[in-house]
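There are 2 protein chains.
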Amino acid sequence: MSIQTRRERERAERERLIVTAARELAEAEGWEAVTTRRLAAEIEYSQPVLYSHFKGKEAIMAAVAVQGCAELAAEMRTASRAAKGKRGRLTAVGEAYTAFARRRPALYDAMFTHRVDLPFATPEAPAELQEAFAELLAAVEPIAAEGDDPGLLTETYWAGLHGLVTLMRSGRLPEGAHERRLELLTGHFTAEASR
Amino acid sequence: MSIQTRRERERAERERLIVTAARELAEAEGWEAVTTRRLAAEIEYSQPVLYSHFKGKEAIMAAVAVQGCAELAAEMRTASRAAKGKRGRLTAVGEAYTAFARRRPALYDAMFTHRVDLPFATPEAPAELQEAFAELLAAVEPIAAEGDDPGLLTETYWAGLHGLVTLMRSGRLPEGAHERRLELLTGHFTAEASR
DNA sequence: GCCTTGATTCTAGCAGTGCTAGCGAATCTG
DNA sequence: CAGATTCGCTAGCACTGCTAGAATCAAGGC
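Chains as they are written, first to last, in my numbering: chain V, 11 to 205; chain Y, 11 to 205.
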């Protein structure tokens, strides 16, 4: 029994090693540098061990993405706590979100850009994802108008943030005016919708 | 001289052939199916001819993207013309944009998601790109508030549309509520910002 | 203590990718 | 008709994700 548990512990340890190695490599040189061979060399094992832990490269990216979601949720939470008022909190959360995306582009891509086999908008989604969304929701809900569904409004605001970040990062929007665009987005969401 | 021109004409013809073949293959089976070998077989030439026309696969995708921009601009324009009023036009253009993205996902990805070496937010950007942006601008400008920069507001609205489309297509937002989210986005942009 | 049994990790290889060097043939020029 | 030049092809490089089967190591029974 004890031997069994030691082995399981070692396995779990190695799995964490794989995930952090993948993440660090991706953050340092981008996901295109994360090849199974490079990753195997990094953890000082041979290639096939990766496949005894994960179904494939996508699954490794998914594991990294889940980690990232937990961090994003935490950063949005602390930003929200430090701010005052409905508008202040939404602004703070929006800034925390985009700051995270710009500081950790590779992590962000694994979470929200790359095709990755994670359940998202369902109850089966990993707790970390739901946590991150809940954090956004908590900031958006107070500024929702009477008849608006807060969930849908949050999704829409999220889309705005995501669009800003991705278009900017791919060079399709100039970096310089980011703060002003973010301000515009948040400003229009905290206004009363004229329907 | 005539021989020269005939050759140039044939070359240009073949170049168009490459671009349309790439586009059709991408739309039918996705960009991951568009390999240089497959593409070469499709145009009934060998692989290396592709490289006598384009610097690489990315350049081919860029050419497809430019085509797509022209079409998107045209579709937004006709939608805008058919609509009435400031709000009606913005709604129509937003719907045209997202409808285009959902109907031609591969084309959309080449234009706005995949990393592609096209100048975007500069005067050197291809005319087709500027045209598409101008079409959006024309719809957004009338609803801009007093002190708002219409260009920045357009970029922000664009980001919202782009976020909605990409998050939905990657399964991160449920497809069902798309119309309602789009309505929320447009609604908040046509409202007065409370700054 | 030795040998068998079982799991675990590695070597080697497959089928594919984007891209390119250099040969062969077809074409135009003098 | 011979020579020069352009053109497209064959073949191959270095890489990718992934896997079958050999080899190695540790545990258990005698």
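Hints may contain errors.
Identical copies go unnamed one by one, so any copy, or any two together, can satisfy a pair.
To be verified - Quick list of in silico lysine to any residue cross-link-like pairs, SDA-like style, CA-CA up to 25 Å:
#	residue 1	residue 2
1	Lys-65	Ala-148
2	Lys-67	Trp-41
3	Lys-67	Arg-190
4	Lys-94	His-63
5	Lys-65	Glu-151
6	Lys-67	Leu-162
7	Lys-67	Thr-132
8	Lys-67	Leu-27
9	Lys-96	Glu-151
10	Lys-65	Ser-180
11	Lys-65	Leu-27
12	Lys-67	Arg-113
13	Lys-65	Arg-87
14	Lys-94	Asp-127
15	Lys-67	Ala-43
16	Lys-65	Arg-179
17	Lys-65	Gly-181
18	Lys-96	Arg-24
19	Lys-65	Glu-37
20	Lys-65	Pro-152
Calculated directly from the structure, the hints in this document are not laboratory data.
Against the structure, the hints come out as follows:
1. Lys-65 - Ala-148: Close neither inside one copy (35 Å) nor across copies (48 Å); limit 25 Å.
2. Lys-67 - Trp-41: For Lys-67 and Trp-41, the Cα distance is within 25 Å both inside one copy (11 Å) and across copies (19 Å).
3. Lys-67 - Arg-190: neither (38 Å within a copy, 36 Å between copies)
4. Lys-94 - His-63: Neither way: Lys-94 and His-63 sit 45 Å apart in one copy and 58 Å across, limit 25 Å.
5. Lys-65 - Glu-151: neither (38 Å within a copy, 49 Å between copies)
6. Lys-67 - Leu-162: Classified as neither: same-chain Cα gap 32 Å, cross-chain 38 Å, threshold 25 Å.
7. Lys-67 - Thr-132: within (23 Å within a copy, 36 Å between copies)
8. Lys-67 - Leu-27: Close inside one copy (15 Å), not across copies (35 Å); limit 25 Å.
9. Lys-96 - Glu-151: The answer is within: 9 Å in one copy meets 25 Å, while 28 Å across copies does not.
10. Lys-65 - Ser-180: Answer is between; shortest inter-copy Cα gap is 20 Å, intra-copy 29 Å.
11. Lys-65 - Leu-27: Intra 16 Å, inter 39 Å, cutoff 25 Å: intra-copy only.
12. Lys-67 - Arg-113: within (23 Å within a copy, 29 Å between copies)
13. Lys-65 - Arg-87: neither (33 Å within a copy, 46 Å between copies)
14. Lys-94 - Asp-127: So Lys-94 and Asp-127 fail the 25 Å test inside a copy (37 Å) and across (42 Å) alike.
15. Lys-67 - Ala-43: both (12 Å within a copy, 19 Å between copies)
16. Lys-65 - Arg-179: Only across copies: Lys-65 and Arg-179 sit 23 Å apart there, 30 Å inside one copy, limit 25 Å.
17. Lys-65 - Gly-181: between (33 Å within a copy, 20 Å between copies)
18. Lys-96 - Arg-24: neither (44 Å within a copy, 59 Å between copies)
19. Lys-65 - Glu-37: Within one copy only: 22 Å inside, 28 Å across.
20. Lys-65 - Pro-152: neither (41 Å within a copy, 52 Å between copies)
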